[in-house]
Amino acid sequence: MIEALGEGLFLVLHWKPLAFMMLGVALGFWVGLLPGLGGATTLALMLPFIYAMQPVEAFAFLLGMHAVVATTGDITSVLFGVPGEAASAATILDGHAMAKKGEAGRALGAALASSLVGAIVGAFALAIAIPIVRPLVLTFGSPELFMLAIVGIAFIASLSAPGVRGMVRGFLSGGLGLLCATVGQDPQAGIARYTFDSLYLWGGLDLVPVLVGIFAIPEIIDLAIRRTSIAGKLPAGRVSKGALEGVKDTFRHFWLTIRCSLIGTFIGIMPGMGGAVAQWMAYGHATQSARTAEERKGFGAGDVRGVLGPGAANNSKEGGSLIPTVAFGVPGSTAMAILLGGFFLLGLVPGPDMLTKHLPITFSMVWTIVIANVVTVIACFLFLDHLARVTTIRGTVLIPVILVLIFIGSYTSNNHYGDILLTLVFGAVGYLMVVAGWPRAPFVLGLVLGKIAENYLYISVARYDAAWLTRPVVLVLIAITLAVIFWPLVQRRRKAAHA
Amino acid sequence: MHSHASLALALGVMAVSGYAVIAAWFWPWKAALFPLAIGIPLFVLSAAEAAWVLFGKAERSEVQDFQLTRDVAEREVVRRSATTAAWIVGFFAAIVLFGFPVAVPFFVFLYLKQQADEGWIFSTVFTAAVWAFFYGLFDRLLHLPFPAGWAFTWIS
Amino acid sequence: MRLLLGLIAALAAAPAAAQYYAGKTVTIVVGYKTGGGYDATARVLARHLPKHIPGKPTVIVQNMPGANSIIAANHVYAVAKPDGLTIGTFNRNLPIAQLTKVEGVKFDMTKFAWVGSAASECTVLAIRTDLPYKSFEDLRKSKQQIVIGATGPGANTYDFPLLLKEFLGVNLKLVSGYQSSADIMLAVERKEVDGRAGSFTSIRPFIDRNLVRPVLRARATEPGVENLPIDEDLAPTPRAKAIMALRSAPEIVGRPYVMHPNTPPEHLRTMREAFAAAIKDPELVAESKKARMDLEFVDGDVAVKVMNEVLSQPKDIVEEFSKYIKFGE
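Residue numbers (our numbering), protein chains in the order written: chain A, 1 to 499; chain B, 1 to 156; chain C, 1 to 329.
One chain only, chain A, in its complex shape (with noise of 0.2 Å):
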């Protein structure tokens, strides 16, 4: 397998593919830095541009403009608190609460070396995890996914407040995104469900629009409450110095970057999971790593370990989800659908025989995600300074910008007018949590697994009857569920003992 590896590498390594994956690169770079242009149409767009390329230029062009978008939709996420890509939501949290204590520079620095960390940690992960991979994948059957959801939900109780009435909070509003998850047409009896009679919400409720409206909005209503850039007001000169106690921050909680790594690599191999997911579950867990009730309060207000977790797992899910692409043909997204299509023009068939035979090509597809990260990281490193001055620009200039960003970044969804206006709704939402002090991150993980977990539960259900319940992968799943939800309990009851 080692020189599979170093096959692989050869590959990537000619002027020409290497050239067409910086093109690649550049154009993803600008495709996650701006909500409106996302990933799987720029892909589409860039589709004719392939056909005149040779298949191996064009795959390093299709996989190195892919592999970026979640390193600097991060940026965006960090600067203005609008996700620039559905899976850079929970950077949010932490990296703009960091950049409005002026420590935009050293938000930037750790989400970018959270992300290459992220990459090549998901990358290794995968190749050494290869020949369990299959199995793997196939031991993971609808149960196992449903379960896996579940946990995914019962990290909700650890992305509450803390005690009952936070996680009274917390449930409520993880079980509103679970409601708002069944609108649209159910799978099962073609119902349509909650849908008023208006045809655009068929389709239930689409995540980037109210991803966008729940967290960018009430940052601008901020930021126009304090009529100050958003770095506040600090002096000017400070904020981008901090972006390399961002890269030390990353190897100064070394061992909790590869475990968020680990995480999304694992989320991003099982197949249905969704994009979306890896990252709050990141976060969830660098949460968990706070010790004192102190150290969990500072989450959401600015502690790095917020932006190092969704940062390295939104990268190394990519590595991951390559896995049922080319090992199964089961794309784990819209731009891995394109990505296949690429992949009939090399002449390649995705199935087993791309994890053996033709294992150098998957690896050099590994490589190809490794390099354009490093190449993106260093070239961000580079305009850091720049790209962190944005926040000492009067925030009253901004809005304008920001605000026309969030609407076409919501509009080009599905191109209907419906989606601004489920912006504002949930922007309204989202504001009225913040000051309530309902958690948010509980009603977006509720959204993006509620559809899974219901689809899976019935395809269970309808499979093996009751038996489900009694498979091996289930009873442990089981088990950490009960876990999540109960050790936080726990903890704090053994601190009050202690008291």
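It should be emphasised that the hints constitute simulated quantities derived from the structure, not laboratory data. All figures in this text were calculated on a predicted structure; none of them were measured in a lab. Ideal Cβ placement from N, Cα and C applies to all residues, glycine included. Each statement offered as a hint is correct.
Partial list, computed: chain B residues near chain A (C-beta under 7 Å):
hint	residue
1	A5
2	L9
3	V13
4	A20
5	A31
6	F34
7	P35
8	L45
9	R80
10	T84
11	V104
12	A116
13	V130
14	P145
Below are the BS3-like pairs computed for lysine-lysine, each with C-alpha atoms no more than 27 Å apart in a straight line:
hint	chain 1	residue 1	chain 2	residue 2
15	C	K290	A	K16
16	C	K305	C	K323
17	B	K30	C	K191
18	C	K289	A	K16
19	A	K357	C	K191
20	C	K290	A	K357
21	C	K326	B	K30
22	C	K165	C	K141
Following the hints, position chains B and C against chain A.
Showing chains B and C alone in chain A's frame:
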């Protein structure tokens, strides 16, 4: 503000989950199971939260989420929030009435001059830059469909 | 005399069309988001159509997803201008939506100005190869229940096997709710389900890989599966046959392309000719082969006939049909 908002949200969630349960009651069980399994506990929990706010002691839970700034006096906060909300809704109205390509420069310019109190030259140049970027990228390059505003279709 | 007039008219039409379309932009409105099959087909066409439209206009693609493309269809039917510059492509099952009186439908499929269809959709049922059933007959005679995975009502992954179970008495359990047809293939590989129905094009890579074997198909066919038995032929009663035929009728018009009902006939003609020529264009053929798309032009008149066939079914058949088939994907 804090407890008012929490009460408002709790009542809102009660209303939403209540409606959800009632609507789902008449669906075939396969479509209704999840909404009911979520809606009923949600109703109970939100009622509990509402009761807590109304009858419990005023407590501010330290939530792990971003907090609005507390540096500014509360009355100012309300005023500025309301103003911003009005601008946001107004922008949406402008988009629906005039279409994206017209609403964007219109809104940016108006905001800069009126709310941000910037000078004429700065406002004009900045608006032009934003509009050029928006138009160049989203209209020319990506061919996004921007419907003409209602005002224009009424006229024609 | 009439011939001469006709000839003169035709000769006059071509430069007139060239005058009309020169410098303009033709928009193809797709009822789905980027990345799906309808979108990919539209984009391939958009790249090669300009050469074949006199005047060489620009052709762009716009996505208008929502309500399984009912929104896009409503738009092209009533909102777009009837100037020959807007073409719509959407869900082939929209006639079913109209037939089953889905709320929100504001169009009449027979009244559109039909350019035609860019492909037909071949639905097959495929079973995992390591199962002992080598043909559909084996399947029918089997005492053991076979599990078929599906996405949801309205998609051919669901509707096709449902009718097989109801009318052909196949002992199958339909497990629905998978996120996409690719997820069903994964379930097949996991042995969670035994097979799936779906478009031949999307199942073909898995057939080539020898994971599944096709055993039955619907009316519309593609090279490679012509010899498979057809579900309608095996129907026990004329009513069953009518219902199966009703389900598969839209598949002939697999990638529908239409224009506003009041589009001037000369523009419609120009478009039909352009589509027919573009789909035969060797460059397009090469590109679509690379993208694993099988494009084939079906003329607008044929499409209108199919629409009329579907929408003029007697009431009792429609009623029974609606019991099984709901409009969805």
